[in-house]
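*Asks:* If you want the building blocks of each chain, they are given just below.
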Amino acid sequence: MSDVDNTSLELSDLINRVLDKGAVIAGSVTISVADIDLVQLDLTIVLTAIETARAIERRRRESAESGS
Amino acid sequence: MATYLYCIRNDPGAVPADLIGLDGLRVRSIYATGLTAWVSDVVEVPVRSTLERVKAHDAVCSAAMAAGETPLPIRFGQTFADDGAAANAIAARRPVLRERLTRVAGCVELRIVVSHGRDADEPAALLGRQPGDDPFDQTVAGRGTAFLRRLAREGRADLAREVSCEEVRHAVRAVAKELIVDQQRCEAARGVSFFPVLVRRSDLDTCRSVIRMSLPSQGIEATLLGPFPPYSFAGDA
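Protein chains in written order, with the numbering used here: chain A, 1 to 68; chain B, 69 to 305.
Okay, chain A solo, but in the shape it has when bound:
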């Protein structure tokens, strides 16, 4: 088991943790794909956060379409 010296791994984990986890008080958290400039990072690992944001964006669009 290696010690933590992989910047990409640390960044990926940081984003997974802070964007996807933690208590929600306000009831909704607004993060859209366009809001995430983290995509610009040169990570060797694709970020889970991007997947989450896309899923949120998809649900939002579907909700908006079904409501219109």
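Each hint should be verified, as a subset may be incorrect.
Said to hold, decoys possible - Derived coverage of chain B by chain A (criterion: at least 3 residues anywhere in the stretch with Cβ under 8 Å from a Cβ of chain A; other residues may be distant):
id : stretch
1  : 153-166
2  : 288-296
As the list claims (entries may be wrong) - Here are a few chain A residues that sit away from chain B, every Cβ distance over 12 Å (derived from the structure):
id : residue
3  : R61
4  : A64
5  : E65
6  : S66
Please keep in mind that the hints were generated in silico from the structure rather than gathered at the bench. Keep in mind it's a predicted model, so treat the numbers as computed, not measured. The beta-carbon is built from N, C-alpha and C at its ideal position, and this holds for glycine as well.
Chain A is already provided as a structure; the job is to place chain B on it using the hints.
*Replies:* For chain B alone, kept in the frame of chain A given last:
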């Protein structure tokens, strides 16, 4: 100016005077019916998730953890019209927040990351598969390994990764059962699988040592990250 929320504590202790949050704004505490919240002003609402802001959010939650009591970290991006609105929202959820604070009291989060490399089509490479391996040969590899190889052979890479990570999680639980207060199931996404465990602060060094010493002897390669504020055990996962 809106109020941005970082974490919630039982302890009404003061925020370090030099603690800076998002966009360089000073962090302060507000009282919310028996609970204390660490907040700062925020100019832009909704808050765009830049890397610097994500880092700043985590730094404040980590500072709260370093200040003594384990805080309940809040998910990134939650803003309120003002301090009063934030306090009211927290007060409205006070029972469940107190319960969660009790659950994580005295604990920190460790995360075990199982990296599968960049080749999404070869999850079984992690397991040392050789050309010509019989995926059902259980004399050399265990049944779990054979199952993973079969999944990989069938092109079910994502499922193979998830199963592989679950095997690591069970291995960790086996060697550190007495040291782990709680744990979550594995999550997997494109080359990275991980699972979080909740550990008492007093057991942190022992737990890290046990995991680091035990897994390599079982042929498991993983990276241990943390300690962190208990994001994964704060609810609303």
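*Asks:* Confirm or reject each hint.
*Replies:* Against the structure, the hints:
1. 153-166: holds (count 5)
2. 288-296: That given contact holds, which follows from 7 residues of the stretch 288-296 of chain B lying within Cβ reach (below 8 Å) of chain A.
3. R61: 17 Å, holds
4. A64: At about 16 Å from chain B, A64(A) clears the 12 Å cut-off, so the statement holds.
5. E65: The claim stands: E65(A) keeps its Cβ more than 12 Å from every Cβ of chain B (closest is about 21 Å).
6. S66: 22 Å, holds
Comparing the model with each numbered hint stated earlier shows that all of them hold.
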